Amino acid sequence: MNGEPLVRWDWLFAHLGPIGDRVGQHLYLATIAVGIGFGISFVLAALSIRRRRLFPLITIVATGLYAIPSFAMFAALVAVTGITTLTAEIPLVLYTLVLFIPNIVAGFDAVPADVLEAADGLGYTAGERWWRVELPLAVPLVVAGLRLATVSTIGLVTVSAILGDSFGGLGYYILDGYQRHFTTEILVGGLLSIGLAALADFGCVLLQRFLTPWAAARAAVR
Amino acid sequence: MDIFSATGQWLADPLNWQGPNGIPARLFEHVELSGVSLLLSACVALPLGLWIGHTGRFSWLVVSSANAWRALPSFAVIGLLVPFTTMIDPNLGFTLYPTMIAMIVLAGPPILVNAYQGVAGVDRDLVEAARAMGMRDRQILLGLEIPIALPVLATGLRSAAVQVIATATLGATFGFGGLGRYIVLGDANRDDGELFGGVVLVAALSLTALAVFTLLERRLVSPGLSSRTEG
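Sequence order for the protein chains is U and R. Just so we're aligned: the first sequence equals residues 1 to 222 in the numbering used here. Just so we're aligned: the second sequence equals residues 1001 to 1231 in the numbering used here.
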């Protein structure tokens, strides 16, 4: 803009430190949200599996929360919890629920009944059966949910930039660049946040391969 | 409690219901621009997804667009468009175009993926039977695959609609119009009534769209299929 070159490389090289800090903040905000979101989702999914009637209700609430635009949710929370990390995290956590819960429930539903019977026949206690049979077999779909939630959260962290300079991770550069009409900053924030999401997506795929080596082996046999 | 009364007062104030920054005008703007984006996106994504689902060709395109879509945060997409749209038009390119383009582009993949999955997921035995009865490709697509896929198509439109409404709201940070403006203005003027009024309106609009498309999904289940599952 304003007849400047598209990328001011001197600015970029002079700001490598702060850019690194923003990447760190981005990952920090996303990791907390995905971690807490996973914990809450696991409890709600376990509840849904035990009490089937709760599942549609939990799904409706999670879907409804997900439909509330992030900009509106962040802005609304400022009046309640102030400009704090809590305000940044609450929407991020709430948006992960609809991505985690159906996948966790589907993961445990997908465990075949005869496998469970076989485990019982082998004399597994309920706890052993859960830990050594049910959980490993549920992993592929649980990790599929983790993949969705991680990528989505990394994207949404950028929106927390509207809370002020001390939030937003790489989103800070997008908003600041827009307000100052400074293209280089927008490109740095935008491209790096897309890159981070893509990298996290790839990381989740690797994690899935690592946690379910039998899936790859089976695919190779076929 | 203060917030609730401030929001109530703002929503009830007749002054906020008139003029170019009034609630009807902003609501119409939000719905209009979202609708246009959804329509434009569907015009490309829907036929493409149906065709890919029917022929099975280029299905990698669907998978990669779905993956790319998830890694594209709307905040980043709008921001990244700004430098390029301002080159074309310094005014509208700084306010309207970036968000509008982001809305159209980001609505595409959910529609494409669901159109593809809806058609590709139709029982192959049914397709074979239809072919054996002498139905042509076009007849199979229009008379068999699309009617069965309709609820899945509606699911794609639902995701796209929710996405588009949210992107339009976010666009207010980048000078876009619509209901998000109240949130930006309420924040700038330190007017909690206006900010929360905007939040309430945006949430209501988005949840309404969600409800409408969910109902559509239920209504569009082919009568032949729904009676079979009931029986």
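Since the hints were made in silico from the structure, they are not lab data. All figures in this text were calculated on a predicted structure; none of them were measured in a lab. Where a beta carbon is used, it is the ideal one built from N, C-alpha and C, also for glycine. Treat each hint with caution, since some may be false.
Said to hold, decoys possible - Take a look, some chain R residues computed to stay more than 12 Å from chain U by CB distance:
{"hint": "1", "residue": "1023"}
{"hint": "2", "residue": "1184"}
{"hint": "3", "residue": "1202"}
{"hint": "4", "residue": "1207"}
Said to hold, decoys possible - Residues from chain U shown here face chain R by an in silico Cβ test under 8 Å; the list is partial:
{"hint": "5", "residue": "18"}
{"hint": "6", "residue": "19"}
{"hint": "7", "residue": "23"}
{"hint": "8", "residue": "27"}
{"hint": "9", "residue": "68"}
{"hint": "10", "residue": "71"}
{"hint": "11", "residue": "75"}
{"hint": "12", "residue": "76"}
{"hint": "13", "residue": "152"}
{"hint": "14", "residue": "159"}
{"hint": "15", "residue": "186"}
{"hint": "16", "residue": "197"}
{"hint": "17", "residue": "198"}
For the restraint on residue 186 of chain U, tell me whether the closest CB of chain R is nearer than 8 Å.
This hint holds: residue 186 of chain U lies near chain R, its Cβ roughly 5 Å from the closest one there, short of 8 Å.
Against chain R, with CB atoms and a cut of 8 Å, does the hint on residue 197 of chain U hold up?
4 Å, holds
Min Cβ distance, residue 198 of chain U to chain R: is it shorter than 8 Å?
Since chain R brings a Cβ to about 4 Å from residue 198 of chain U, closer than 8 Å, the hint holds.
Supplied contact hint for residue 159 of chain U, tested at 8 Å Cβ to chain R:
Interface hint status for residue 159 of chain U: holds (5 Å vs cutoff 8 Å).
Is the interface hint satisfied for residue 152 of chain U? The criterion is a beta-carbon contact with chain R at less than 8 Å.
7 Å, holds
Would you assess whether residue 1207 of chain R, listed as outside the interface, keeps its beta-carbon beyond 12 Å of every beta-carbon in chain U?
Violated, since 6 Å does not exceed 12 Å.
Does residue 18 of chain U hold up as a contact with chain R if the rule is Cβ-Cβ below 8 Å?
18 Å, violated
At 12 Å, judged by beta carbons, does residue 1202 of chain R keep clear of chain U as stated?
5 Å, violated
Restraint: residue 19 of chain U near chain R, CB-CB cut 8 Å. Satisfied or not?
At about 15 Å, which exceeds the 8 Å cut-off, the nearest Cβ of chain R leaves the hint on residue 19 of chain U violated.
Holds or violated: residue 76 of chain U as interface residue toward chain R, Cβ cutoff 8 Å?
4 Å, holds
Hint validation: residue 71 of chain U versus chain R, beta carbon distance must be below 8 Å. Holds or violated?
5 Å, holds
Quick one, is the residue 27 of chain U hint okay against chain R at 8 Å, beta carbons?
14 Å, violated
Comparing the model with each numbered hint stated earlier shows that hints 2, 3, 4, 5, 6, 7, 8 do not hold.
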